[in-house]
Structure formats: structure tokens, C-alpha cells
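One letter stands for each residue in the lines below.
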Amino acid sequence: MSITSRRVLGTLAFALLVSAPASRGDDKLAFLIPHLYGPTGLVVDSEARLPNGQTHSAHFNSAFQAEFTQFNVAIASQLTGLPIPTPASGFTYILDPGLGLFTRSTKSFGPILADRADTVGRHKLSVGVHFQRFTFDKLEGVGLDDVPAVFTHDNPVAGTGRDDVVTTTNAIDASVSQLTTYLNFGVTSWLDLALAVPLVTTDLSVRSTATVRRIGTSANPAIHFFRDASGAFGDTKSFESTGSASGVGDVVVRLKARAASAGPMAVGLGVDSRLPSGDEMDLLGAGAWGVKPFLVVSSTGRTFSPHATVGYEWNGDSTLAGDPVLGTKAKLPNQITFSGGVALAVTGNLTLAADVLGRRVLDGRRLVPTTFHALDGRTTFPDISFARRSENELSGAVGFKFNPRGRLLIDANVLFGLNDRGLRDRLTPLVGIEYGF
Amino acid sequence: MGSYRGRGTAVAALCVALVVAAPCVRAAVREDPPSAVTLPSGELSTEAISIRKVLETYVRAVEAKDMQMFRTVKPNLSEDEEKRARAAFKSIQSQVVKMNVLSLDVKEGKATVRVSRRDTINGSIVSSFPQTFSLAKETAGWMIQDIGR
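Chains as they are written, first to last, in our numbering: chain A, 17 to 453; chain B, 55 to 203.
It is worth saying that the hints were derived from the structure and are not from the lab.
C-beta: ideal position from N, C-alpha, C; glycine also.
Among these hints, one or two may not hold up.
[Claimed, not checked] Interface residues of chain A toward chain B, partial, derived using beta-carbon atoms under 10 Å:
(1) Gly116
(2) Leu117
(3) Phe118
(4) Arg423
(5) Phe432
(6) Gly433
Sequences are here, hints too, so could you generate the full structure?
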């Protein structure tokens, strides 16, 4: 390996050292939604007196606040889906036995976010850096700019004033930037060892506008109200919370073997091990170990190279899947992952890649849009609830790899949703470079 | 905070491992010395010396990606073979070949040379593999007739 490659390793190590996240005490992103309305939840003002003379504390509850950990799980799940740009990408060679000369086995530089069975080659090292930025738009098809949630009174009873509700409209801005550095080393001609280290920045902002709906107390606004600036009984109040965190995400270690090959076809077997190195309370990592064995089948033609992969990911327990406030852990959902696509060598230095990437999240908590029916039997409001079920999340990816010179590759890709399951970004751009030593 | 410290330690350990591993990786993938064709020890016949020169020229042609030189030692290249050779030369940035002759049989103007070859492509060791050269003595001297595994 050249001095340049040692410098690359040194730079990576330095970047890892300096990227250690700064702790911000209790101000963790996982608490941002549970603490949006304050430590005691959504409490409206009241001048009503209880029979014992104490001030009435009008405490309202909602699935949004109590169960919106699903949003945390969704981000964590997104981080568990961190794609490792295919380590076998770039340059592979075969011997022409009749001439004793080595030649590029394929003009294709391979897929970007999917995989192929080829390994990088004995004692070869490839290094790459890829940047992706997710700006999430929807969760289970519900626009994040307008998530409705209805808060009901403690012990609601029709005709008692306890049938009042507070409706909220919630706008969530969530984005995750991932700068992933990876190294892939050919242990033997058929076995690769790869390491992917993401540096993650998560930005989260929630704005909630709450409105008192006086279903049972319309004649007396003093029972449930938000005091406005002039001290009068108001109907609405806005809440806002914003946070950001950066640091090392979950490191992935991969072993991949080219298990068999026949002509242009090859079969690969591998396993990805995800380490819980990212701080899950700041939504930088999943907070749980993950192990994903996978099988990949690919064919390398001179110009047209199809590939398909299937895997199963076992996940451990994470606080994000449990209750961040109480600190209890629960199992992060397991996943079946699958992908398929083609790499098309347009010229000797340009490859187009198109893939369908999918995963079936098993028995995960899912947001479900519902309609809230007030106790008066007439009034309805849009609402959300949560249910456990398995869903397929499908994405498409198109991009290119360009070889400007030597063994340098420039990658560009766009990821987009093919359905609206899960936490979705309309378009996720990726740019990156790879170099083979 | 405690978990942060644990992660920081793990990341630092990873970094140290990477830095420590770098020289080892370098040692594993460093380039070989210049190419050479090594014959079995012992007194060399005139034919063996001539054949070694042919193989040296073959090695130089591969390393220099020189089609003309390649053809001087393998003049019976078909059109398809020449096309493949040109494509191979074009697809490689650098190549260093080390050839160790395992056996040399010369009989009635024909020679069979079995070699162990080790190639370094683009600065990375590819592998060692066996090769068999069939040569014939022509007016201009020994020429490669056929190359096989």
C-alpha cells in the first residue's frame, strides 16, 4: 500500500477521534417530543374548583405524546438501514489464459446502494466516502408538516366537562445527514472484510399548535383555557422544541465471501454486524446490536450486470423502542431486506445503476391515521393512533459511477420512495468518492 | 455520559487499531521488485538461455503494455487475440510480472516451459498461478506458440 493510502487511514482515524459527540446533558433528542409540552405533559389553565376546593388541574393525554416514540423508532430504524456502498465496486480483473494477460472482468463499476457477489481481490484495499442527507417528509403516508393529534381529558365522562378535548396540529422537521467512510480489504481472493463508519448529524424540530375544544363546557371557558398575553381566556397555544446532535453513528462490520461462481454468475454470502456505537438518545444510532446474514446473486456481463440480494436482520433491545423517559428497553423490530437491480456500463468509465431496495419490518409499531369521535356523539377530529404490524418499505435508487482517472470513482445517486410505508424522504441525494489501492 | 465515555473509548480503540494496522496492510500489498524470469539452478544450455530471453521479452511486453514487442515473441496472434490483448493493456494502469521457471523440456525444436507466475496489478498483488508456454524454434529463433494454464 502506498504512502497515500496510509494517509487516508490516518485521516479517517483522526476524523473518528475528533468526531466524538459532545454530551448535552438531559437535552437529548429522544426526549424532544415527550417533553414538548413540558415535563408534566399538556396541561391547560383552569379556574374551576374541585369539590374539595383545590384548583382543577386539567391534564390532557394523547397518543401523540404518549406513543410517539414510534417516530424515534422510525429514525433509529432508518439508521439501521444505513447502506454500505458496495465494497466490491470498482475494478475487478480476470486472467485471459490464452494470452496470460489480465483484463477488466466487466466494464461495470457495480451498484451503489445494492450489492454484488464479487469480492475486491486478495490484499486489495478500497476506501470510500459517501454523503447522504435525509429530509423526512412523511411517516406512514402522513405529512410531517401536519400531524393531527387529539388530547383527551383524564377520566373523560360525557356531559361533565371532562369530555372537552384539545386538538393539536404538529409540524415536525427531521433531517439526518450521514457521512459514511468505509474501508474494504480483500483478506483472500474470495473473502472481504469491510468497515463502515458513519458520522451522523440529526436535526429535529417540533412545533405544535393546541386548541381547546369545549365539547362539554362551551358555556364556561374558565374551566379549560390557555391564558393569552392579555390574561384573557384563550383557545390556542403554540409549543416548540428544537434540537440537534452530531457524532459517530452505528459502525457496521461486514464479512462477505464469494461462495460460488459459474461463468458470469456468482453467489456471495455475507454477514453485517451493526455495533451500537451511536448515541441512541440523540438519535444518532439504533441503540441495539444488529446481525444481518445475506445472500447475493449477481452476473457480470460486459455491459449489463444484474444483481439481487436478500437478508434477515436480527436486532437487539433498544431504549428507543421502549420508553426513553423511563429508560426501559424493548426489542427493535427485525427486518427482512431485499434488493435487486442492474448496473449498465455505458462506456468504459461510466456506469449507470438502478435498484429497487426493500425491507419488511416485522411487527413494528406503525402510525395509523384515525378519526376521533367526541363523547357528544357528533363532533369528529382527525387523529392518529399506533398499531403493531409488518409492512414492506420500498425504495428506488438511480445513479452513476464515473471514473475520471486511475482508480478513482465518483458516485452520485438519488434514493426515492416507491411506497409511503415507514419514515420517508421524497428524494435523498448521495454523493461520494471511492478509490482502490 | 457513562455510555458516551464507553463509546468514545471504543471509537478510540478502533482508530488505534486502524493506525496500527496501516503498516501491516502496507506490507501485505506493497509492490514487488522489478520483474524477472528465474530458471532452475544449474548449468544452463544455450537453448535454455535463448528461451529465457523470449520469456523476458514477453514479461517486458506485458509490463510495458507494448503490443509490438508482444508480437515479436508471439507472432501467431490471431485478430481476436490481438484485440483482447489491446483491451487488456488498456484496462490496466500498471503490471509487474515475476516468473519462476519450474521445468523446461526441449525436444526436436519444440519446448515446453512450466512456470509459476506472480502478478502485481495496479500496485496490488493479484495471485500466484501456474502457466505453461509452448515454444517452437523458427528461423528467427524461439517463438511462443501457445500459452495455457
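Legend entry - Numbered hints the structure breaks, given as an ascending list: The structure conflicts with hints 5, 6, although it agrees with all the remaining ones.
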